[in-house]
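Protein chains: 2
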Amino acid sequence: MTIQTNSPLVEQRADPFVHKHNDGFYYFTGSVPTYDRIELRKSKTLAGLKDAETVDIWFKHESGPMSRHIWAPEIHYLDGKWYIYFAASEEGDIWALRPYVLECKGQDPLNDEWVELGMMQAAEGDDKSFTDFSLDATIFENNGKRYFCWAEKTGGQFAASNLYLAEMESPIKLKTVQFMLTTPDYDWERVDFWVNEGPAVLKHNGKIFIAFSASATGACYCMGYMEADENDDLLDRNSWTKTRMPVLETDVDKKIFGPGHNCFTVAEDDVTPLCIYHARDYEDAVGEPSVVPKTDTRSLAEIIKDPLYDPNRHARVFAVKYDENDRPVFELY
Amino acid sequence: MTIQTNSPLVEQRADPFVHKHNDGFYYFTGSVPTYDRIELRKSKTLAGLKDAETVDIWFKHESGPMSRHIWAPEIHYLDGKWYIYFAASEEGDIWALRPYVLECKGQDPLNDEWVELGMMQAAEGDDKSFTDFSLDATIFENNGKRYFCWAEKTGGQFAASNLYLAEMESPIKLKTVQFMLTTPDYDWERVDFWVNEGPAVLKHNGKIFIAFSASATGACYCMGYMEADENDDLLDRNSWTKTRMPVLETDVDKKIFGPGHNCFTVAEDDVTPLCIYHARDYEDAVGEPSVVPKTDTRSLAEIIKDPLYDPNRHARVFAVKYDENDRPVFELY
Chain A
1 MTIQTNSPLV EQRADPFVHK HNDGFYYFTG SVPTYDRIEL RKSKTLAGLK
51 DAETVDIWFK HESGPMSRHI WAPEIHYLDG KWYIYFAASE EGDIWALRPY
101 VLECKGQDPL NDEWVELGMM QAAEGDDKSF TDFSLDATIF ENNGKRYFCW
151 AEKTGGQFAA SNLYLAEMES PIKLKTVQFM LTTPDYDWER VDFWVNEGPA
201 VLKHNGKIFI AFSASATGAC YCMGYMEADE NDDLLDRNSW TKTRMPVLET
251 DVDKKIFGPG HNCFTVAEDD VTPLCIYHAR DYEDAVGEPS VVPKTDTRSL
301 AEIIKDPLYD PNRHARVFAV KYDENDRPVF ELY
Chain B
1 MTIQTNSPLV EQRADPFVHK HNDGFYYFTG SVPTYDRIEL RKSKTLAGLK
51 DAETVDIWFK HESGPMSRHI WAPEIHYLDG KWYIYFAASE EGDIWALRPY
101 VLECKGQDPL NDEWVELGMM QAAEGDDKSF TDFSLDATIF ENNGKRYFCW
151 AEKTGGQFAA SNLYLAEMES PIKLKTVQFM LTTPDYDWER VDFWVNEGPA
201 VLKHNGKIFI AFSASATGAC YCMGYMEADE NDDLLDRNSW TKTRMPVLET
251 DVDKKIFGPG HNCFTVAEDD VTPLCIYHAR DYEDAVGEPS VVPKTDTRSL
301 AEIIKDPLYD PNRHARVFAV KYDENDRPVF ELY
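Quick note, the sequences are listed as chains A and B, same order.
Using my numbering, the first residue of the first sequence is number 1, and each one after it goes up by one.
Using my numbering, the first residue of the second sequence is number 1, and each one after it goes up by one.
Think of the hints as simulated: they come from the structure by calculation, not from any bench.
Hints are not guaranteed to be accurate.
Since the list can't tell identical chains apart, any single copy or any two copies may satisfy a pair.
20 Å max Cα-Cα, derived EDC-like pairs, lysine to aspartate or glutamate [said to hold, decoys possible]:
(1) 305 to 284
(2) 242 to 232
(3) 173 to 251
(4) 81 to 236
(5) 128 to 187
(6) 254 to 233
(7) 294 to 93
(8) 20 to 90
(9) 105 to 39
(10) 242 to 326
(11) 175 to 187
(12) 128 to 192
(13) 242 to 229
(14) 20 to 236
(15) 81 to 112
(16) 255 to 283
(17) 173 to 126
(18) 175 to 253
(19) 20 to 141
(20) 173 to 227
(21) 242 to 227
(22) 305 to 233
(23) 255 to 326
(24) 203 to 230
All chains, please: the whole structure from these sequences, using the hints.
In structure tokens:
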């Protein structure tokens, strides 16, 4: 078994998400550089994901909701059905990111039909969730409850992006009103933009960790995590503590720049926890005109400076270790 | 010494603030029902504040900044000078609340000249503080550092009102970028509006408590507190815990409705900690047309339903006790 090497797991796929299913396959999705589709691939081995056949299971609309910025899809298997959660904006309002849901009509997500279930719905009485720039939803279960965790800005595109948490009533609707899990508190979460995003859940010895990414999408991008006891009320502010410093950040010597937006899965031994994340292998992002939508009216000079259109965020992997206090260690190698 | 009775300390003064000075006098200010001026009074005894002579030391402008909603003044003595901090909006934008500062040119705050120092200034590099609905600033010192704590909404009038904390560089400017101390997390902070406001600081046996008020300005108004160790970094999210339930709320039997927006001072024995707060003695607020500005164009029917123009929030007092864990107990009597 090869858990990892320093070479990318999958090239040019950002916001990587891996689900190891009960059929023994790793299912992989992520943001494609053109931000115009949702792609799936699967493999019995992690290394096999790199060259596995990719299937485009959904394309963006021409206009209206879900017509721009198809970002950070995750595939989840809930109550016997496959779902994909992703964020999208629209041509008429390109920063109006909202979370959307797809459902697979069959059991083979690479080949069966997918249908749109629409936008994720807030709980009754919640007039705040999904009303502003919101993205990066993930789903997890704890003590018999299912949770939805996402990033949202309140106050427009240049406000702080916080992480919110709520219980789910169904795959398409929340049960509880939003709870703010974390806001950018420390310097390392506030570089260029104030950002907490890309939540991912890891459990170990009675503790639950929600890793997240912080700051803008450049070499300053980095990771921290929130920590709680599995038996505490996850919607109680006092249940959580936060890492004072980043736990994963740019490593110039290893040529890992802006690591973040991770997910967790397990190695082929079904025991070793793995962190799948993305990073660039050079410091200054360079926008690639060929992946920019034709509807983008900016000059070439502006596009070249836009890190969002640098296609070279590669999915990478390392094994998570635990320290003497049972806290995860995020060590690049 | 009479610490308190159930009768009001000062009638028709909301957001009460008391500073016990080194001259032995209690200095009292608060929001007056017309929201058009800043008033001061002083007394050697707390009971004497009720009928002490009041001096109007400042009046609102006719238009522009500081022309409407003169709210929650506090008087502080910093580095040998008197300052008043208050919130105000303007006739042209009545919810554009911002914090302003007055400085006294002499040592007698009731008789000497006051000058306007302008709006409180955010730290270099902080483009978020005082840019939206912000009010209720208080000032305190801890371990040789001076702090500014205030309420601000990010995202307009109907967003959540959070509490923020920062170190001060001078009486008119912050030294550090804002840190979010608390956001409305629990049900009792989210009634009608999501509100944390009215911070007030209390210290006891190495602990620092920041009490605050929560929910809308009706009978649902109530109080909780944040708690930290005095020696911890007060700008670190992990230093603080929050009361899971309110510590002071409406008591129908005692005819105390919507208690909150408190300050702390000390009794005439210079030892007993006192909580000065406001409350109504009936449940449903009734707007009083005579205190409403002439520029308000609403109908009489609307004004009568507006709790902001019910003048009967009276300043009240009780002695704070401590439980076996050295935590403050807020008990009405």
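Here's how the hints hold up against the structure:
| no. | hint | result |
| --- | --- | --- |
| 1 | 305 to 284 | within (9 Å within a copy, 58 Å between copies) |
| 2 | 242 to 232 | both (15 Å within a copy, 15 Å between copies) |
| 3 | 173 to 251 | neither (40 Å within a copy, 37 Å between copies) |
| 4 | 81 to 236 | neither (30 Å within a copy, 42 Å between copies) |
| 5 | 128 to 187 | between (27 Å within a copy, 15 Å between copies) |
| 6 | 254 to 233 | neither (39 Å within a copy, 34 Å between copies) |
| 7 | 294 to 93 | within (15 Å within a copy, 41 Å between copies) |
| 8 | 20 to 90 | neither (32 Å within a copy, 58 Å between copies) |
| 9 | 105 to 39 | within (17 Å within a copy, 69 Å between copies) |
| 10 | 242 to 326 | within (15 Å within a copy, 26 Å between copies) |
| 11 | 175 to 187 | between (34 Å within a copy, 14 Å between copies) |
| 12 | 128 to 192 | between (25 Å within a copy, 13 Å between copies) |
| 13 | 242 to 229 | both (13 Å within a copy, 17 Å between copies) |
| 14 | 20 to 236 | neither (30 Å within a copy, 37 Å between copies) |
| 15 | 81 to 112 | within (12 Å within a copy, 75 Å between copies) |
| 16 | 255 to 283 | within (8 Å within a copy, 65 Å between copies) |
| 17 | 173 to 126 | within (11 Å within a copy, 36 Å between copies) |
| 18 | 175 to 253 | neither (46 Å within a copy, 35 Å between copies) |
| 19 | 20 to 141 | within (15 Å within a copy, 53 Å between copies) |
| 20 | 173 to 227 | neither (25 Å within a copy, 35 Å between copies) |
| 21 | 242 to 227 | both (6 Å within a copy, 17 Å between copies) |
| 22 | 305 to 233 | neither (44 Å within a copy, 38 Å between copies) |
| 23 | 255 to 326 | neither (28 Å within a copy, 52 Å between copies) |
| 24 | 203 to 230 | within (8 Å within a copy, 33 Å between copies) |
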